[in-house]
Amino acid sequence: MSERPADREGRLPAERKTVNKIAAMPLALRRYGALLAAAILAAAPAAVALANEHRDVTRPEGAEAPWFEDRTAAAGVDRPHRTRSFKNPYAHVMEGYTALGASAAVADFDGDGWEDVFFTLSNEEGANLLYRNNGDFTFTETAAAAGVAAGNDAGNASANSLWFDYDGDGDQDLFVARFGQSLLYENRGDLTFRDVTAEAGLGPRYLNCIAAIAFDYDRDGDLDLFLGNYFQPVNLFNPETPRFFPESFETAANGGGVTVYRNEGGKLTDVTEAVGIRVSGWTLDLGHADADHDGDEDLYVAADFGSDSFFRNDGDGSFTDVTKEAIGVDTKKGMNVDWGDFDNDGLFDVFVTNITDEYMKEGNFLWQNLGGLKFADVSRETGTHATGWGWAGKFFDYDNDGWLDLYVVNGWVSGSKDPEDNYVLDIFEVIVNPELDLADARNWPPMGDKTLSGYQPNALFHNEGGIFKDDAARHGLDSRLDARGVAVADFDHDGRLDLFVTNSGKPPNLWRNVQPTGRHWIRLVLTGTKSNRDAVGARVWAQAGGRRQAAFVNGGNGFASQSSRRVHFGLEGAAVVERLEVVWPSGLEQSFTGVAADRTYQLTEGDDTLRPFVPRESTTTPQAKTPTESRP
Amino acid sequence: MKPRCLWIVPVLALLGAGALGAADGRGLYEEGLAAAEAADYEAAFAKLEAAVAAEPDNLRYGTAYRQAVIAAAGDEKKELYERCIDFFKTLVAAHPEAANAYLNLAFAHVDKIPAEGAITQVILANTSLTYFGNALELEESWLGRYSRGHAYLFWPTIFGRAASGIADLEKAIAIARENGDPKPYHARAWAALGDGYWRLDDVDKAREVWTRGRELFPGDGELEARLSRTGREELDAYLEVHYDTGQRVATHLREILGRDAAGHDEPAPR
Numbered sequence: 146m147s148e149r150p151a152d153r154e155g156r157l158p159a160e161r162k163t164v165n166k167i168a169a170m171p172l173a174l175r176r177y178g179a180l181l182a183a184a185i186l187a188a189a190p191a192a193v194a195l196a197n198e199h200r201d202v203t204r205p206e207g208a209e210a211p212w213f214e215d216r217t218a219a220a221g222v223d224r225p226h227r228t229r230s231f232k233n234p235y236a237h238v239m240e241g242y243t244a245l246g247a248s249a250a251v252a253d254f255d256g257d258g259w260e261d262v263f264f265t266l267s268n269e270e271g272a273n274l275l276y277r278n279n280g281d282f283t284f285t286e287t288a289a290a291a292g293v294a295a296g297n298d299a300g301n302a303s304a305n306s307l308w309f310d311y312d313g314d315g316d317q318d319l320f321v322a323r324f325g326q327s328l329l330y331e332n333r334g335d336l337t338f339r340d341v342t343a344e345a346g347l348g349p350r351y352l353n354c355i356a357a358i359a360f361d362y363d364r365d366g367d368l369d370l371f372l373g374n375y376f377q378p379v380n381l382f383n384p385e386t387p388r389f390f391p392e393s394f395e396t397a398a399n400g401g402g403v404t405v406y407r408n409e410g411g412k413l414t415d416v417t418e419a420v421g422i423r424v425s426g427w428t429l430d431l432g433h434a435d436a437d438h439d440g441d442e443d444l445y446v447a448a449d450f451g452s453d454s455f456f457r458n459d460g461d462g463s464f465t466d467v468t469k470e471a472i473g474v475d476t477k478k479g480m481n482v483d484w485g486d487f488d489n490d491g492l493f494d495v496f497v498t499n500i501t502d503e504y505m506k507e508g509n510f511l512w513q514n515l516g517g518l519k520f521a522d523v524s525r526e527t528g529t530h531a532t533g534w535g536w537a538g539k540f541f542d543y544d545n546d547g548w549l550d551l552y553v554v555n556g557w558v559s560g561s562k563d564p565e566d567n568y569v570l571d572i573f574e575v576i577v578n579p580e581l582d583l584a585d586a587r588n589w590p591p592m593g594d595k596t597l598s599g600y601q602p603n604a605l606f607h608n609e610g611g612i613f614k615d616d617a618a619r620h621g622l623d624s625r626l627d628a629r630g631v632a633v634a635d636f637d638h639d640g641r642l643d644l645f646v647t648n649s650g651k652p653p654n655l656w657r658n659v660q661p662t663g664r665h666w667i668r669l670v671l672t673g674t675k676s677n678r679d680a681v682g683a684r685v686w687a688q689a690g691g692r693r694q695a696a697f698v699n700g701g702n703g704f705a706s707q708s709s710r711r712v713h714f715g716l717e718g719a720a721v722v723e724r725l726e727v728v729w730p731s732g733l734e735q736s737f738t739g740v741a742a743d744r745t746y747q748l749t750e751g752d753d754t755l756r757p758f759v760p761r762e763s764t765t766t767p768q769a770k771t772p773t774e775s776r777p
Numbered sequence: 241m242k243p244r245c246l247w248i249v250p251v252l253a254l255l256g257a258g259a260l261g262a263a264d265g266r267g268l269y270e271e272g273l274a275a276a277e278a279a280d281y282e283a284a285f286a287k288l289e290a291a292v293a294a295e296p297d298n299l300r301y302g303t304a305y306r307q308a309v310i311a312a313a314g315d316e317k318k319e320l321y322e323r324c325i326d327f328f329k330t331l332v333a334a335h336p337e338a339a340n341a342y343l344n345l346a347f348a349h350v351d352k353i354p355a356e357g358a359i360t361q362v363i364l365a366n367t368s369l370t371y372f373g374n375a376l377e378l379e380e381s382w383l384g385r386y387s388r389g390h391a392y393l394f395w396p397t398i399f400g401r402a403a404s405g406i407a408d409l410e411k412a413i414a415i416a417r418e419n420g421d422p423k424p425y426h427a428r429a430w431a432a433l434g435d436g437y438w439r440l441d442d443v444d445k446a447r448e449v450w451t452r453g454r455e456l457f458p459g460d461g462e463l464e465a466r467l468s469r470t471g472r473e474e475l476d477a478y479l480e481v482h483y484d485t486g487q488r489v490a491t492h493l494r495e496i497l498g499r500d501a502a503g504h505d506e507p508a509p510r
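The listed protein sequences derive, respectively, from chains A and B.
According to my numbering, the first sequence is numbered sequentially starting from 146.
According to my numbering, the second sequence is numbered sequentially starting from 241.
These are calculated hints, taken from the structure and not from any lab test.
Careful: at least some of the hints might be erroneous.
[Unchecked claim] In silico SDA-like pairs for lysine to any residue, Cα to Cα no more than 25 Å straight-line:
no.	chain 1	residue 1	chain 2	residue 2
1	A	675	A	416
2	A	506	B	319
3	B	329	B	381
4	A	519	A	463
5	A	562	B	401
6	B	318	A	578
7	B	329	A	582
8	A	506	A	565
9	A	412	A	346
10	A	506	B	400
11	A	469	B	312
12	A	412	A	672
13	B	329	A	577
14	B	318	A	467
15	A	519	B	356
16	B	317	A	474
17	A	519	B	357
18	B	318	A	581
19	A	614	B	481
20	B	317	A	398
21	B	411	B	443
22	A	506	B	474
23	A	469	B	487
24	B	445	B	404
25	B	317	A	577
26	B	318	A	582
27	A	469	B	319
28	A	562	B	442
29	B	411	B	381
30	A	506	A	569
31	A	614	A	214
32	A	506	B	363
33	B	411	B	447
[As the list claims (entries may be wrong)] Covered stretches of chain A (in silico footprint by chain B; criterion: 3 or more residues with CB under 8 Å from a CB of chain B, positions within the stretch not fixed):
no.	region
34	469-481
35	501-508
36	558-572
37	576-589
[Unchecked claim] Cβ-to-Cβ under 7 Å is the rule here; a few derived chain B residues that face chain A:
no.	residue
38	357
39	358
40	359
Think of the CB as a built atom: it goes at the ideal place given N, C-alpha and C, for glycine as much as any other residue.
Given only the sequences and the hints, what does the whole structure look like? Please build it.
Printed below as a string of structure tokens:
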């Protein structure tokens, strides 16, 4: 007998917002450009008006000042990312297409309650950085001492990173995704790590990995590893053939695809074929969530130069490709996958970035989950369609008003500002020559110092009842650096979500959230017992102030960045959560009533008590700990 | 071999039927229209392809075929657009003197654009310019100049094609003037010419052109729509929608290939 919980679609709140009305339009109306434009113009004002009926959109006192402070230098996290230079015959071309690798992954690796950051560089000499949170919004860099600095060398370039408890021992291990051969470090529990790549079964193996998430697809209690690979498995640093570039701009199937490792007590085995994940595109990101609330995790694959894919978890250890039925086939440049219930209808939606610029107007996808594993792109209707050459886009409720906002970072390569130095003109010559063998790197023009979709501002979309309004400029978050990743976490435990943003070839930005609203919030730190220890896939519902929100513990969703796994709800004016429900990956359901807001709680699977979660040496928020403190 | 290549065989056979003559083409055309109206698209394609094969330079027949393809394919059945493009490619190869066949080949590329992704859209748009140019090399025409000029304006400013569009549209206006028989649809060239200046960020000049066009064609909806948008932002919004490459451009030529009061086709203009 299955332990799967009952289908939750029957428990949706009555509160369905504006966007649902838009989604209810005939599909044909939403799909065609001309009619779509008319639909936007016609629907938007009415939609906003409807939204405003449901919520207070007035600004609190002091709201005019920016709500985010740049604390990068003050916090000690201002070392710049460096991109990779190549020494092979195709170096002049490759360098234009590998301006990647600036990633950040958040987790509490030392178990002191404060969330830390792992930050990758990509240059050959670049040491990766492990920023240990001191608890006072400063960080101490400890990568070398911890043994995780060596991520870059002549044959490998760091591209991404992921914290996950691969051996289920209660601390956070570290996966470093690389162009080349990736690494897995085991956390020894004494602030040091050891390389267990081979021991765990991961290699050495060329995968040219750029995306990594971990979730328990077979619900056997440990975290499985899903890798998104950009280039096919060749040695990029010394390729034997020039034919390792995308064969098409829209239907390329000669990328690295996806690799799935099943975890069996810390031993990882490649089960890609066996589980039915068969894609060979240029994967840039992966994202999981239980899209149909059937108790297991489904998978969205974002691919460059071709169609994204959607895989339904069949609950028997295998997946079925349901792309056509779920999202349709596209020709865009998918770069990010984040899941969140932006319309508070109880179903998790998906945000995917694509390319939007004067010369190519693909537009992002905001896939509204319609139920039954059907999605509709409502990016135009919601105002999230055009942000630029998008990278990470993360859902988070920055103002604790109970609606998920969205931060989207943009820009590919910001080089020369001379209009003549626009790389679009170069690549255009390639595009309009159908006889060219695109897979041959020698046919791609070098980028040099030219610009391609550069100097694009990031967007902070404030969710106003299902319609979004860009407030980035108001809060100083409209940086025009070539950003890549967005890691969301509350680094100072003050109930306001902060941002760690990575920038290609530049220092990151650490944005401290200082919004003055005083709105209520609640946060859960979940620990699995029968379920995987990190509780990835656990779903949580919070009923408060007449609103019912859904969230889940995610295993690293979002391009080049892993946000906190802690489940955070903004509660607006509600000081008490009337009912809090948790459904664990094991199928166990727990609920709590009358839970006081403005606190972080620890919940262990099966424990009937929500316990206050307090970072070490912090009795009030925030309070510093000493940088030299050691882990017990 | 891709399945669509299989169509080339009957197409080639039909091209050999060029000697059938105008009367046979007319009958096939009428039968094709009736089939399309009844949504019997396979029959419509067969009849209309045969009609065009019988009269390769007949703009009306070719247009009817393309419109039947659009009706059948929508924005999804790419293979039907590919069939249409292949048909006209074969047609111009067999009849390189047929200017209107080149125009239809260019329009067939434009017709497929909404069904494609952003990159293929660029390729189709670029290729259509080549075929419009082939048609103009064979025969100067208002339609050829207007169509190519308008097509240039869909290109983002960075590609520097607005000036070429302006040149074509000025030529179209000159052709209409020389012909001395102004038609209501000639107003479109004035609207597009102003759009060209808008694309070059010279809105004053654009308004000047639209105003001049309105003097010549009072009450024209396209010109009124532009001139009524006095604010820059609302004008930009209007024209950005107009030049959104994701939306279908009307290529039915209905105003040009009109029918008289008795329901008979008017002669297609050159």
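Q.
Holds or violated: the hint that residue 357/B contacts chain A, with Cβ atoms closer than 7 Å.
A. 3 Å, holds
Q) Counting residues of the region 576-589 of chain A whose CB is closer than 8 Å to a CB in chain B, do you get three or more? A) holds (count 3)
**Q.** Hint check, residue 359/B versus chain A [nearest Cβ-Cβ separation less than 7 Å]
**A.** Holds, because the Cβ-Cβ distance from residue 359/B to chain A comes to roughly 4 Å (cut-off 7 Å).
Q.
Check the hint pairing residue 614/A with residue 481/B against an upper bound of 25 Å on the C-alpha distance.
A. 21 Å, holds
Q: Take the region 558-572 of chain A, compare each residue's beta carbon with every beta carbon of chain B, and decide whether three or more fall closer than 8 Å.
A: holds (count 4)
Q. Is the hinted pair residue 506/A and residue 569/A satisfied, with a Cα-Cα distance of at most 25 Å?
A. 13 Å, holds
(Q) Just to be careful, I want the Cα atoms of residue 412/A and residue 672/A compared with a cutoff of 25 Å; is the pair within it? (A) 21 Å, holds
(Q) residue 411/B and residue 447/B were given as a pair; does the straight-line alpha-carbon distance stay at or below 25 Å? (A) Status holds; Cα separation ~19 Å.
(Q) Just to be careful, I want the Cα atoms of residue 317/B and residue 474/A compared with a cutoff of 25 Å; is the pair within it? (A) Holds, at roughly 13 Å.
Q.
Check the hint pairing residue 317/B with residue 398/A against an upper bound of 25 Å on the C-alpha distance.
A. 22 Å, holds
Q) Under the criterion that the straight-line Cα-Cα distance not exceed 25 Å, is the pair residue 318/B, residue 467/A satisfied? A) 21 Å, holds
(Q) So if I understand the rule, the pair passes when the alpha-carbon distance is 25 Å or less; does residue 506/A with residue 474/B pass? (A) Satisfied, since the Cα-Cα distance of roughly 20 Å is no more than 25 Å.
Of the numbered hints stated above, none is contradicted by the structure.
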